[in-house]
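Just so you know, the protein sequences line up as chains A and B, in that order.
The number in the working numbering is simply the position in the first sequence, starting from 1, with 473 added.
Numbering follows the working numbering, with no gaps: position 57 of the second sequence is 50.
In short, the hints are calculated from the structure, not lab data.
Fair warning: there could be bad hints in the mix.
Covered stretches of chain A (chain B as the covering partner; in silico rule of three or more C-beta atoms under 8 angstroms from a C-beta of chain B) [as the list claims (entries may be wrong)]: (1) 549 to 559; (2) 566 to 573; (3) 667 to 681.
Now the stretches of chain B that chain A is said to cover, found in silico as 3 or more residues with beta-carbon under 8 angstroms [what the hints assert, rightly or not]: (4) 171 to 177; (5) 190 to 197.
Chain B is nowhere near these chain A residues, computed Cβ spacing over 12 angstroms in every case [stated by the list, open to error]: (6) Asp491; (7) Ala578; (8) Asp589.
Beta carbons: idealized from backbone N, C-alpha and C, even for Gly.
Below, each chain spelled out in residue letters.
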Amino acid sequence: MIELERVRVSAGTFSLSDVSLKVDAGKYAVLMGKTGSGKTSLLETICGLRTVASGCIRVGGRDVTDWDPADRQLGYVPQDLALFPTMTVREHLAFALRIRRVGAAVIRERIAELADLLGIDALLPRRVTRLSGGEAQRVALGRALAFGPQVLLLDEPLSALDEATRHEMYALLKDLQRQTGVTTLHVTHSREEARRLADHLFVIVDGRLETAAIDGAASIS
Amino acid sequence: MRSPHQPAVPTPRGRRRAADALFFAALGLLGGSYVLLISLMLAADAIFTTPQHFLAALAKPEIQYAIRLTLVTCSISAILSLWVAVPLGYVLSRYRFPGKFLVDTLIDIPVVLPPLVLGLSLLILFHLNWGTWKLEDWLRQEIGFPVTFKIPAVILAQFSVACAFAVRTMRVTFDEIDPRAEQVARTLGCSRAQAFLRVALPQAGRGLCAAGTIAWARSLGEFGPILVFAGATRMQTEVLSTTVFLELSVGNLEASVAVSLVMVLMAVVVLVVLRSLGMEHGG
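My request is simple: use the sequences and hints to build the entire structure.
Take a look at the structure:
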């Protein structure tokens, strides 16, 4: 469960104030807003990479507002993915588990499971620098999900993909949610994505967050 | 507005080709003049010296000692420079802190200061009386580690200049590495140190090679500060740049040119080795 209570974020020229939202456990929420509306800043704030000016962030019922990003146990996929260029796909999937000093056998098992779920078995030994957009996106998802977070934060995960790949990813994201039960907050400016994926829909309008009906997504510009 | 049916107005092809030719000629001439100057200087050195001079110079025990000392001191000061440059470059690239501007400016001082002045400053630092306490005396008597006019002074003189260049290189290196990957690593459970060691540093391989190379090369070329702070005692603090000076000052032009060529060769070997290492790791 993700809960924001009267959160205020300011970064540079813009600020988002009085943001309150709640995503129930296991649900898929989509947050829409125009470019530059502060969607990314809000996600970074939930991750702990940006400090809140005021307000409270709760994940799984615990107040994590002042917690270090490492303690929040959230899976985060930034828009630019930020894969680790010196590592192979396998090392990406193992990364969070190695940090947690999980045993090698468990890591191997988990990698196999994730690779299967994401359809990236064949990519495991490869370096990430020459992956296609869709492949890189899957690797970033796998890296974020490897340690079994309760919450997944996705920043414009489909914006750089071609039409066909995007359709594959809709199915994959829904599948992931069903199989892992992960609570997801997905940030986008695409109405199509909101219609296809959202259980809950939130919209940022003029620095404020509003709840919207999902079939109403079509009317949001 | 022109109607779309009219043909586009062509630019005169002949004139454009002539202009392109002129452009390349200008690029080649201006850039080439410098390349030519360096080549001619090296060629002149090579023509001036003969294999006999070269071998005679290499056979001198003082010069053999200077070659060994140069290799050892340059390597130590390059390694020391990297140990400082990696954390300092990272801090300057990633964090904002009070006094950052001052630190940034201070690091540039060894770059812009005449090296001789740096040597003089080192000498004064080690011999200034702080009341009754003096750094050099304390090192000699209490620690048993004399510095001034000894080999450590050679290394310190080289390091004080070389490190500034290594820090600049590492800072640019980290500036070019996306901090986003380290942030993601922190959301995956890394401490800041783990994010640095596992994600940022492995991406800095090429920068490390470049910083090491530049620090080594600067150390090789260092002369002024070594002369002032470490002296030019044969078989003690004589490095190759000192040899060139010492041989020149006694009128032995042949030996100083031969030693200069040895330095050129060493520099080329180090450059080639480190560049190729950098290519392998940098992909």
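These are the hints, each one checked on the structure:
1. 549 to 559: Since three or more residues must qualify, the claim that chain B covers the region 549 to 559 of chain A holds, with 8 doing so at under 8 angstroms.
2. 566 to 573: Holds, because 4 residues of the region 566 to 573 of chain A bring their Cβ atoms closer than 8 angstroms to Cβ atoms of chain B.
3. 667 to 681: Coverage by chain B is violated here, the residue count being 0 at a Cβ distance below 8 angstroms.
4. 171 to 177: holds (count 5)
5. 190 to 197: Check passed, 4 qualifying residues.
6. Asp491: holds (25 angstroms)
7. Ala578: A/Ala578 clear of chain B: closest Cβ-Cβ about 20 angstroms, beyond 12 angstroms.
8. Asp589: holds (21 angstroms)
Hint compliance for this structure: hint 3 alone is broken.
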